[in-house]
Amino acid sequence: MDLATILGVVLGFVVIIGTILHEGDLAIFFNIPALAIVFGGMTCATMIHFSMGQFLGIFSVIKKTLLHKTIPPQELIQMMVSYAAINRRDGALALEQEMGKIKNPFLVKGIQMLIDGQDEEAIHELMDLEIQYLEERHAMGKKILDFMGASCPSFAMVGTLIGLISMLSSMESPDEIGAGMAVALVCTFYGALLANLVFLPLGGKLGQYSKVEKISMEMVVAGVCAIAKGESPTGVREKMQVFISAKRREQLKAKV
Amino acid sequence: MDLATILGVVLGFVVIIGTILHEGDLAIFFNIPALAIVFGGMTCATMIHFSMGQFLGIFSVIKKTLLHKTIPPQELIQMMVSYAAINRRDGALALEQEMGKIKNPFLVKGIQMLIDGQDEEAIHELMDLEIQYLEERHAMGKKILDFMGASCPSFAMVGTLIGLISMLSSMESPDEIGAGMAVALVCTFYGALLANLVFLPLGGKLGQYSKVEKISMEMVVAGVCAIAKGESPTGVREKMQVFISAKRREQLKAKV
Amino acid sequence: MDLATILGVVLGFVVIIGTILHEGDLAIFFNIPALAIVFGGMTCATMIHFSMGQFLGIFSVIKKTLLHKTIPPQELIQMMVSYAAINRRDGALALEQEMGKIKNPFLVKGIQMLIDGQDEEAIHELMDLEIQYLEERHAMGKKILDFMGASCPSFAMVGTLIGLISMLSSMESPDEIGAGMAVALVCTFYGALLANLVFLPLGGKLGQYSKVEKISMEMVVAGVCAIAKGESPTGVREKMQVFISAKRREQLKAKV
Amino acid sequence: MDLATILGVVLGFVVIIGTILHEGDLAIFFNIPALAIVFGGMTCATMIHFSMGQFLGIFSVIKKTLLHKTIPPQELIQMMVSYAAINRRDGALALEQEMGKIKNPFLVKGIQMLIDGQDEEAIHELMDLEIQYLEERHAMGKKILDFMGASCPSFAMVGTLIGLISMLSSMESPDEIGAGMAVALVCTFYGALLANLVFLPLGGKLGQYSKVEKISMEMVVAGVCAIAKGESPTGVREKMQVFISAKRREQLKAKV
Amino acid sequence: MDLATILGVVLGFVVIIGTILHEGDLAIFFNIPALAIVFGGMTCATMIHFSMGQFLGIFSVIKKTLLHKTIPPQELIQMMVSYAAINRRDGALALEQEMGKIKNPFLVKGIQMLIDGQDEEAIHELMDLEIQYLEERHAMGKKILDFMGASCPSFAMVGTLIGLISMLSSMESPDEIGAGMAVALVCTFYGALLANLVFLPLGGKLGQYSKVEKISMEMVVAGVCAIAKGESPTGVREKMQVFISAKRREQLKAKV
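If you're matching them up, the sequences are chains A, B, C, D and E in order. One point on numbering: in numbering that gives the first Met the number 0, the residue at position 176 of the first sequence is 175, and numbering is uninterrupted. One point on numbering: in numbering that gives the first Met the number 0, the residue at position 218 of the second sequence is 217, and numbering is uninterrupted. One point on numbering: in numbering that gives the first Met the number 0, the residue at position 56 of the third sequence is 55, and numbering is uninterrupted. One point on numbering: in numbering that gives the first Met the number 0, the residue at position 233 of the fourth sequence is 232, and numbering is uninterrupted. One point on numbering: in numbering that gives the first Met the number 0, the residue at position 149 of the fifth sequence is 148, and numbering is uninterrupted.
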């Protein structure tokens, strides 16, 4: 669970709603037709731009990004080192009883290949392909989110124009302009909010997450391959430490 | 037939028209002169930017993109495997009777070359050239659609300015501003709608389609060349499976 | 003569003027001071950005682009094949009497070098340099036209601001805003029109034209060099056919 | 302490406040809710886009950029030359008493490794990694500052829209538009000011600073490695002079 | 002295002032506080973004760009050929009496190195470094001018917002909007004018100038190095002609 994302979205809406309450009436900011044209227009444009499957897949990508738990690298190394010990002592088949405790599906797949007795090269090739697929899915997800972020303000403008034209054409005196204009501008408000508080930053987060996830998966591959070659627990630890130093950069980045 | 595109365009216009009906009067949003200047101006700018043939060709590209049916990869492999069997059993000439059942023109061309007894190298060269031409046509089509999408809002602005200037110069009191402004803004509405719901997403879809079509064509080339070398049905299947895994990525992309 | 460009500009202005006539009075759209500031400002900015010679050269580039006639590739091959026959039968000097019939100056230069008895390598080097110069001129021309297209709306804004500020500062009541605003907005109208109907699409066309012209010139070089090596008419045709297939792509692009 | 940055920010706010005082009343430009939505919205979007750690780290990066003192290159060479002399005369352990006088933590780390007797290769590898981490932190810092600079005007627009909609919907006559509009526009003002006077130029400065700091650190590495190899003071000076000439470019850049 | 730049700036302001005089009163367009916020804000942002030295250096770069006289290539070759003759006849020391007549400081430096008897390699290395520094200074100068051009409209907007907010908050009736709005918009006018007529085109010209100056300096290096090797006047001319053909491209570019 990514705290910054949840906190950012929640606090963001608290700030927005707080400002609205301070300025006036929350009710005029809830406008179903305005939401329908901004969200509906954006959704339709996304469906035209991408394929049906790519469009439906974006929700899954967002959910996984927010909920998926990356195993901390030190913990991951500890797990692999203990699997290496079991493998050395009791053979690969003994890893079967560890399978139930693993939650990460990528790690499960790796251990399963060890149990099936596949050689290092086959494991490496298949798992690398898996990483490549994930990266492509993430890149496509980021592309869709960025398109959504660019599309929202456009359909907000379309909605505002519809409101404005309708209001202006039926207006009898400039004195009436106020209320009609307010309703029309709610579309623009939705567009700016969805783009800048939801879609564009979420696209950025997906890019950040993709980098971290990739390093974690590469550590699993390095560990599983080392076990497949029958290396000692120490050897497995060393092979995976290489990525830790690369990982630590991220941590340093975050701290300084 | 690409469902997402059709659905996106239809639903998009349903949302827009629904919003208009909810806001007021549909009639003021049908404005032939406004449509003439946005569509006419964009068309003229496109004709100046590109050549006559490139401009006329864009409609054909759009139509093909929407209507052309890509053969599902598994089905394509099945077809090629059966052709390989016929070729092995009865010789290339026996493929003639299969020709009538094939609808994909690129596949027809490949089989025809097999029947004509051309060697693998000649087939490969000619069909690769064909793929390259198609990619260039698609890239040019995307470039034209993107230019159209950028041109629409510009000519919408020109139209709105004409309406605004005419209205302002003949206006006797600010109280009259409403109706005239409404008419002038209809141009801006058309420009925003055509760009964001039609041309820009269609350009994006053409790019997606181009990738899928290319993989399908490369599978045909791989299959036809394998048959030309007299490979067994199993060999043909293997040669084409390579692309399936590449193709499956797309499917995974869509599903996750 | 490029039909699409002429047609695009003429039809574009027909659409614009037709819309103006439909909306109101054509007279208010003819405004010499507005034209002076948009065109004058853009011209001055272009003179500051580029050198005097580059700026003056842009008109020549535009004129050549519109009027220069590229020889159709099939006709060009036919000509070179007949020159090859004359060269073989009567020697290079006999080409002198063909010179009067050739209109393309690049082809004239090539034939002259054949008559002067220069060897293939010298011809290749000099004519390639000529092509390179032409490409650089075209690229610089496109850069200037793109700058002009970006500069027009900026000076249109400057002009509109001058009109607006003058009008607002001397205005006694908001009721007078109409007419003054109309005049001020004519600048914005000129800027949007010049950029989107003239300079930006013309820059795009220059890029397209540059590609076609380059292929045509490379065919001339290939033909002249083949004649200089004393190749047979058939050999010359073959050498030039290579480009035809590249050229045909353009035609395919236009047709599909 | 970077004078230009401090001076730029202070003078910038002097100019802004001076203009406000000249135009009217400073009080209406202090608006806590407006500041809350611009700053709060931007902060939340940044938290969603980046990770918690990366977001918190940006303040540290800014502070270090403004306060960190780069040792002038001539002074740095002089220091390293004297350390080389001490190292040659009394051995690496004698450097211990110099440690207290050094303030730059990167230089301290280098000297410590000399005292610990580590060989040149180990020192080079570790210190280069340190430089690489710093560059990555700076690049990430610049990316975050640029995102903040782009985010400010967006949330300023959201804030202005909230003010505008609230005001318009409760307005009874267009005559009341003045005061409400003024309050709504204060958000836009904050957004433009924060982006253009604070975040965007600060991002640029971080990029400039990163280059200068990197050269300084590379000089330290060159010097420490030369000492580790037991080179003479003259040799150390020569090794470091190479960077001086590269550094002098920066100075020339500044002077001409 | 670059005629096009001077002419462009002078004519540009003539066009602007002429339009203002035609529209109304020049006095309202002279507004010291408006100029102060646009120019002051931009200056402060530039100081924050770049270092103090880089910022102060920009004026020197602009002055040199406008006033520095590039020696025409034909004249430059003639000069070097005569120096080669003197060097051959009377030795390098005899060049001393020519020194007084040379105005170009880069050429002076080259001849001085000849008189000092430095060998070709040393001259080449030092002068190439000099060219590289110049290019870096020009590139940094262009970057600063482009930043200034982007910064002007931003601070113009800040100034306009201050004017607008002050005016709106103290306004008692919408009828007063005219005059206050006019003053506020003068800032926007300054920003658009400074960016589009001064900073952005000047940045472009600096880029053009940098290319021409570099070719001229490379010719000097080629000539001086040829003399240092004791080549004959004919040899020196040949070495420098290579650049003439490259230079002629520029001229062709300008003429066609």
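Please note that a few of the clues may not be correct.
The list makes no distinction among identical chains, and a pair is therefore deemed to hold if it is satisfied within one copy or across any two copies.
Said to hold, decoys possible - Listed below are the simulated SDA-like cross-link pairs for lysine to any residue, each with C-alpha atoms no more than 20 Å apart in a straight line: (1) Lys108 - Ile85; (2) Lys100 - Val9; (3) Lys238 - His21; (4) Lys100 - Phe12; (5) Lys102 - Leu113; (6) Lys213 - Gly52; (7) Lys142 - Arg88; (8) Lys68 - Leu6; (9) Lys210 - Phe54; (10) Lys228 - Asp115; (11) Lys102 - Leu65; (12) Lys213 - Thr42.
These are calculated hints, taken from the structure and not from any lab test.
Structure-based check of all given hints:
{"no.": "1", "hint": "Lys108 - Ile85", "in the structure": "within (18 Å within a copy, 41 Å between copies)"}
{"no.": "2", "hint": "Lys100 - Val9", "in the structure": "neither (33 Å within a copy, 49 Å between copies)"}
{"no.": "3", "hint": "Lys238 - His21", "in the structure": "neither (57 Å within a copy, 64 Å between copies)"}
{"no.": "4", "hint": "Lys100 - Phe12", "in the structure": "neither (38 Å within a copy, 51 Å between copies)"}
{"no.": "5", "hint": "Lys102 - Leu113", "in the structure": "within (17 Å within a copy, 47 Å between copies)"}
{"no.": "6", "hint": "Lys213 - Gly52", "in the structure": "between (24 Å within a copy, 19 Å between copies)"}
{"no.": "7", "hint": "Lys142 - Arg88", "in the structure": "neither (48 Å within a copy, 49 Å between copies)"}
{"no.": "8", "hint": "Lys68 - Leu6", "in the structure": "within (17 Å within a copy, 36 Å between copies)"}
{"no.": "9", "hint": "Lys210 - Phe54", "in the structure": "between (23 Å within a copy, 17 Å between copies)"}
{"no.": "10", "hint": "Lys228 - Asp115", "in the structure": "within (14 Å within a copy, 37 Å between copies)"}
{"no.": "11", "hint": "Lys102 - Leu65", "in the structure": "within (16 Å within a copy, 43 Å between copies)"}
{"no.": "12", "hint": "Lys213 - Thr42", "in the structure": "neither (29 Å within a copy, 27 Å between copies)"}
Comparing the model with each earlier hint shows violations of hints 2, 3, 4, 7 and 12; every other hint is respected.
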